[in-house]
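Letter by letter, the chains look like this.
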Amino acid sequence: MKQTVSQKKAILRETRPTVKVPLWQRMWRERWIYLLITPGLIYFVVFQYLPLLGNIIAFQDFSPYLGFFDSPWVGLANFVHLFTDPDVGIAIRNTLIISLLQIFFAFPLPIALAIMLNNMVSDKARRFLQSVLYLPHFISWVIIISLFQQILGGDGLINNFIRGTGGKPLDIMSNPDFFKPLVVIEVMWKDSGWGTIIFLAALTAIDLSLYEAAVIDGANKWRRIWHITLPGIRSIIILLLVLRLGTILNTGFEQIFLQRNAVGADAAEVLDTFVYFRGIQAGDWGFSTAVGLVKGVVGLVLILGANKLARRFGEEGLF
Amino acid sequence: MAAAAWNEKPSFLGRWGSRVFWTILAFVMIFPFIYILSVSFSSFSDVAGKGLVLIPAHPNLDAYDYVLASGLVTRAVGVSIFITVVGTLVNLVMTVTMAYGLSRRGVPGRGFILGLVAFTILFAPGIIPKYLVVKQLGLLDNLWALILPGTISAFNLVVIRNSFMSIPEELIESAKLDGANDLRILWNFVLPLSGAVVAAIGLFYGVAHWNDFFDATLYINDPAKWPVQLVLRQFVLQGAVIQDVVVNQQPPPSITIQMAVVVLATLPILIVYPFLQKYFTKGVLTGSIKG
Numbered sequence: 001m002k003q004t005v006s007q008k009k010a011i012l013r014e015t016r017p018t019v020k021v022p023l024w025q026r027m028w029r030e031r032w033i034y035l036l037i038t039p040g041l042i043y044f045v046v047f048q049y050l051p052l053l054g055n056i057i058a059f060q061d062f063s064p065y066l067g068f069f070d071s072p073w074v075g076l077a078n079f080v081h082l083f084t085d086p087d088v089g090i091a092i093r094n095t096l097i098i099s100l101l102q103i104f105f106a107f108p109l110p111i112a113l114a115i116m117l118n119n120m121v122s123d124k125a126r127r128f129l130q131s132v133l134y135l136p137h138f139i140s141w142v143i144i145i146s147l148f149q150q151i152l153g154g155d156g157l158i159n160n161f162i163r164g165t166g167g168k169p170l171d172i173m174s175n176p177d178f179f180k181p182l183v184v185i186e187v188m189w190k191d192s193g194w195g196t197i198i199f200l201a202a203l204t205a206i207d208l209s210l211y212e213a214a215v216i217d218g219a220n221k222w223r224r225i226w227h228i229t230l231p232g233i234r235s236i237i238i239l240l241l242v243l244r245l246g247t248i249l250n251t252g253f254e255q256i257f258l259q260r261n262a263v264g265a266d267a268a269e270v271l272d273t274f275v276y277f278r279g280i281q282a283g284d285w286g287f288s289t290a291v292g293l294v295k296g297v298v299g300l301v302l303i304l305g306a307n308k309l310a311r312r313f314g315e316e317g318l319f
Numbered sequence: 001m002a003a004a005a006w007n008e009k010p011s012f013l014g015r016w017g018s019r020v021f022w023t024i025l026a027f028v029m030i031f032p033f034i035y036i037l038s039v040s041f042s043s044f045s046d047v048a049g050k051g052l053v054l055i056p057a058h059p060n061l062d063a064y065d066y067v068l069a070s071g072l073v074t075r076a077v078g079v080s081i082f083i084t085v086v087g088t089l090v091n092l093v094m095t096v097t098m099a100y101g102l103s104r105r106g107v108p109g110r111g112f113i114l115g116l117v118a119f120t121i122l123f124a125p126g127i128i129p130k131y132l133v134v135k136q137l138g139l140l141d142n143l144w145a146l147i148l149p150g151t152i153s154a155f156n157l158v159v160i161r162n163s164f165m166s167i168p169e170e171l172i173e174s175a176k177l178d179g180a181n182d183l184r185i186l187w188n189f190v191l192p193l194s195g196a197v198v199a200a201i202g203l204f205y206g207v208a209h210w211n212d213f214f215d216a217t218l219y220i221n222d223p224a225k226w227p228v229q230l231v232l233r234q235f236v237l238q239g240a241v242i243q244d245v246v247v248n249q250q251p252p253p254s255i256t257i258q259m260a261v262v263v264l265a266t267l268p269i270l271i272v273y274p275f276l277q278k279y280f281t282k283g284v285l286t287g288s289i290k291g
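Protein sequences appear in the order of chains R and E. Sequential numbering from 1 applies to the first sequence in our numbering. Sequential numbering from 1 applies to the second sequence in our numbering.
Bound-form chain E, shown alone (with noise of 0.2 angstroms):
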C-alpha cells in the first residue's frame, strides 16, 4: 500500500488532479451533513427568503428549544432509544446462544438445524405472510413487533458461529474437563475470544434498530408509538407540522425546526460511529470468508 521504491513519483499534473477529485469527493459527502447543521440553527432572518445558509449570521436553538419541547418527537426518541437497547440486546443473547450451539461438534440435527436457519438467508417469506404472523400473535401496534420479528440475522448467526468455530477445540474441552458448563465455557472462553466479531455484530444490529423504517411502517400505526424515523418521515419528507406543543410564542421557522429534527436523529449514529469504525471491517471480513 504505501510508497514502495519502484512506484515512480506521481507527476505535478497527476498530483493535483487527484487532490482535486479527492477534495471534490469529500466535499460532496461532507457538505449535506453541514448544510443542515447550519440551518437547524439559523434564526428566522437567516433563512427568509434566501436558501444559502452556510455560517447562519444569528445562530440560536430555538430550533432545539422548540423540538425538545414537543412531546412527538422525545417521546419518538425514547421509543426509538427503547428498541435500540432492548432490541440490541435480545438480539446479541439469542444470536450468541444460537450460534454457540450450532458451533458444538458431534451435536446430533446441527446440520439440519444449520440448514433451517441457511435456507432462511435464500428465501425469505414474504411480506404479506410475515404480516399476517405478526398480526395473529397481537403484536400490531406494540413495540415489540419491531424487535422480535428481527431477533436473529441468519447471517449475523452464520458470521458468529465461524468466529466460535475457529476457537481450538482443546481449550473448550479441556474446560468441560475442569467441570465447566456450557453456559460458563460460553461466557468465560468463547465470548472473550470472539470479542470484536461479537461487538461488530451488535453495532450492527444496534444501527439497525436506530434505522428501521420499514418493521415501523408495518407493525405500528399509533403515532404515540412512533419511533423517530417515522416521525422524521412525516414532518421532514411529507411536511406535516409540528404541534403538541405548550409553548404560546411564535414558533421558529419550520424548515429549521426540521432540520433540527433530522440532526437529532443523525446525532446516535455520530456517537457510535468511531466504534462502528474500529469494528465493522472485522466484521465485513469476517463474514465474507466462507465457513
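Bound-form chain R, shown alone (with noise of 0.2 angstroms):
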C-alpha cells in the first residue's frame, strides 16, 4: 500500500520510543552505518593518526633500522638543537619573509580583481576573463615553473630577445636576491584569479538599492566602492587575511622545492623543504620530525588565536 509522506511522518512519530533505548540497541540499529563509516575511519587512523602517533620520534635518535621501538631516547635534545642549528633560523626567516610578501602583495590582488570583474558591463567579456583567470589554478607547478622559464630563463624568450639585440641577458630565475620576488609574482599569476570567485559571491550579496541610494546622495564611483562594496565585503576579507595569518608558516611545498637548486638553500629554504632534505635526504629522521612537530604545534595554536581575533574583530570565525 502506497503511503504519503506526511502519513509516514505520522507512523513514524507513533513508533518513536518514549522511553530511552539502551546504547548498545542503538547501535545494532545503526550497525550499517557503522559499516558505511568504518573504511575511511580505518584510513584516518592508519594515514592520520598513526603518524601523529609517530612523532614520539622526536625524542629519540631514531634509526630505521633500530625502528621506533629500539631507537634511543634523547629526551628534548633534538628540540634543544633547533634553536642552535643555524640552519633552522634560514628556514624560518625565508618561510616568513615569503608569506608575509604574499600577504602584502598576492592577498589584496584578487580583491581588486573582483571589485573589477564585478564593475564590467559586458556580461560576455567578464565571463571570457573569468575563464582565462581561473585556468592557471588547476595547473600544476611543475608545468607553472616550465612556464616561467620558457619566458623569463636564461635561455627564455626575454633573454633570448635581449641576446638578439645584443643587450646583456637578465638573471631572473636562477637570482637568489631575486627568488622571493619570483615565488610571489608566480604564485600571483597562478591564483589571483581564483581568488575572486569568493569575493565576487561575496559582492552578488550586496543590496544595489545601497548604490541607488548612494548616487542619489550624489556619491561618485570611487566614493561608492570606498562606503558600500568595501565594507560589504569587509568580513569575508578579515576572515580570510586572518586565516592566512594563521598558516603563515606554510608557504607550499613543491613550488619552492622545484626551484631550490636554482638559487641555493640559503635563499629558497622554507621550513617544509627542510623538514624532506634534512630528514629524507640526509636521514637525521629524529630532529627533522621535531622540526615539523614544532611547526605543526605552532601552526594549530596560530591558526586558533587567528579564529579567536577574527571573533574578536566582531566576525563569525571559522569554528
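Calculated directly from the structure, the hints in this document are not laboratory data. Built from N, CA and C at the ideal position, the CB exists for glycine as well. Heads up, a few of these hints could be off.
[To be verified] Straight line, CA to CA, 25 angstroms or less: simulated PhoX-like cross-link-like pairs of lysine-lysine:
no. : chain 1 : residue 1 : chain 2 : residue 2
1   : R       : Lys190    : E       : Lys225
2   : E       : Lys278    : E       : Lys135
3   : R       : Lys180    : R       : Lys190
4   : E       : Lys9      : R       : Lys221
5   : R       : Lys124    : R       : Lys190
6   : E       : Lys278    : R       : Lys124
7   : R       : Lys180    : R       : Lys168
8   : R       : Lys20     : R       : Lys124
9   : R       : Lys124    : E       : Lys9
10  : E       : Lys176    : R       : Lys20
[As the list claims (entries may be wrong)] Chain E residues, not near chain R, derived (Cβ > 12 angstroms throughout):
no. : residue
11  : Ser43
12  : Gly78
13  : Pro129
14  : Gln136
15  : Gln250
16  : Gln258
17  : Phe280
[Stated by the list, open to error] Here chain E is said to cover these stretches of chain R; the calculated rule only asks that three of the stretch's residues, wherever they fall, bring their Cβ under 8 angstroms from a Cβ of chain E:
no. : stretch
18  : 48-59
19  : 80-88
20  : 116-129
21  : 150-157
22  : 223-233
23  : 274-280
Join the two chains, each given in its own frame, into one complex according to the hints.
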C-alpha cells in the first residue's frame, strides 16, 4: 500500500520510542551506518593518527634499522638542537618573509580584480576573462615553473630577445636575490584569478539599492566602492586575512622545492623543504621530525588564535 | 552586476583604460600557453639561434613523434592516468560512504568521529612520520602509495557531508519505511540530489592526482613508475635528455621535445576544464558555508 510522506511521518512519530533505548541497542540498529563509516575511519587511523603518534621519534635518535621501539630516547635534545642549528633560523626567516610578501602583495590582488570584474558592463567579456583567470589554478607547479622558465629563464624568450638585440641577458630565475619576489609573482599569476571567486560571491550579496541611494546622494564611483562595496565584503576579507595569518608557516612545498636548486638553500629553504632534505634526504629523522612537530604545533596555535582574533573583530570565525 | 539605470556611463578615458587593462591581463595569462604550443610545433630552423618563435615557419610534429616513441614519457602518462582514474574512484567511494554515515542523525559516536576528522584539517601529522608509515606498510615504489595516503581529504568530506545534511530528513525516513537499506538510499536518493557537489569534488580529486608531484617525489624512486609530473621535472626543469628512444635518426631540438611534454601534460587539464568550470564555483562556495 502506498503511503504519503505525511502519513509516514505520522507513523514514525507514533512508533518513536518514549523510553530511552539502551546504547548498544541504538548502536546495533545503526550497524550498517557503522559499516559505511569504518573504511574511512580506518584510513584516518592509519594515515593520519598513526603518523601523529609516530611523532614520538622527535624524542628519539631515530634509526630506521632500530625502529620505533629500539631507537634510543634522547629527551628534548632534538628540540634544543632546533635553537642552535643555524639552518633552522634560515628556514624560518625565509618562510616568514615569503609568507609576509604574499600577504602584502598577493592577498589584495583578488579583491581588486573581483571588484573590477564585478563593475564590468559586458557579461560576455567578464565570463571570458573569468575562464582565462581561473585556468592556471588547475595547472601543476611543474608546468607553471616550466612556463616561467620559457619566458624569463636564461634561455627563455625575453633573454633570447635581449641577446638578439645585443644586450646583456637578465638573470631572473637563478638569482637568489630575486627568488622571493619571483615566488610571489608566480603565486599571483597562478592563483589571483581563483581567489576572486569567493569575493565575487560576496559582492553579489550586496544590496543594489544601497548603490542607488548613494548615487542619489551624489556619491561617485570611487566613493561608492569605498563606502558600500568594501564594507560589504569586509567580513570575508577579514576572515580570509586572519586565516592566511594563521597559516603563515605554510608556503607550499612543490613550488619552492622545484626552484630551490637554481638559487641555493640560503635563499630558498623554507620549513617544509628543510624537513624533507634533513629527514628523508640526509636521514636525520629525529631532528627533522622535531622541526615538523614544532611547526605543526605553532601552526595549530596560530590558527586557533587567528580564529579567536576574527571573533574579536566581531566576525563569525570559522569554528 | 549588470548595468543599472543609476550606473553612469563610464568616461571615454575610463572605458579605454579598462579595455587596455583587461587586454594586457588576458595577454599575460594566455601568452605563455600559446608560446609553448608554438615552440612544440617548431622545426630546427625555427628555434635555431633566435628565441622568438610566435608562429613557427615550418611547423611539424617531430617533437610529438619523438616523445610518443620514447617509452619513458608514454609510460609516465600511463602511470598518471592509472593513479588519476583509480585514485579518484577510491577517493569518491570512500569519501561519499563516510560522509553519508556521518550525515545520519542519531548515530552514537558520530560527533566523536567527526571531531577526529576535523582535527586533521587543523593539525597535519608531518612529512616524516607519514613517510615512515608508508614505508612500514611496504608501499615505497608502489603506485598505491600515490593513492592510499590521500584517500580522503577531510575538507572534501565535510563539504560532501554538508550537502548530504541539506537533504530533507523526511525523504530518507520515508525511503526507509519502504524498506530501502542505507546503500540503496545513498545510491538512489542522496547521490542524485547532491550530484553537482559530488561532481565538483570528484573533479578536484582528479586534478590533484594528475598534478601530484609531492607524494611521487616522496614515495616513488623507480623512474619506471614515475608519473608525468616527475618526468616533466627531470626533462624540462632539470634538462635531462630523453634517451630511451628506438628511432635512429637525428632527434628534434630538445627545447621542442620539452615543450611537447609540457603540452601533453597540460592537455588533460584543458580537456576537463569546461566541466571544472561548470561545477567548481558550486564546490568552492558550498565549502565556504559552515556546517
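Status of the hints after comparison with the structure:
no., hint, in the structure
1, Lys190/R / Lys225/E, "28 angstroms, violated"
2, Lys278/E / Lys135/E, "39 angstroms, violated"
3, Lys180/R / Lys190/R, "16 angstroms, holds"
4, Lys9/E / Lys221/R, "11 angstroms, holds"
5, Lys124/R / Lys190/R, "23 angstroms, holds"
6, Lys278/E / Lys124/R, "16 angstroms, holds"
7, Lys180/R / Lys168/R, "23 angstroms, holds"
8, Lys20/R / Lys124/R, "60 angstroms, violated"
9, Lys124/R / Lys9/E, "18 angstroms, holds"
10, Lys176/E / Lys20/R, "22 angstroms, holds"
11, Ser43, "17 angstroms, holds"
12, Gly78, "17 angstroms, holds"
13, Pro129, "3 angstroms, violated"
14, Gln136, "9 angstroms, violated"
15, Gln250, "21 angstroms, holds"
16, Gln258, "8 angstroms, violated"
17, Phe280, "8 angstroms, violated"
18, 48-59, "holds (count 9)"
19, 80-88, "violated (count 0)"
20, 116-129, "holds (count 8)"
21, 150-157, "holds (count 5)"
22, 223-233, "violated (count 0)"
23, 274-280, "holds (count 4)"
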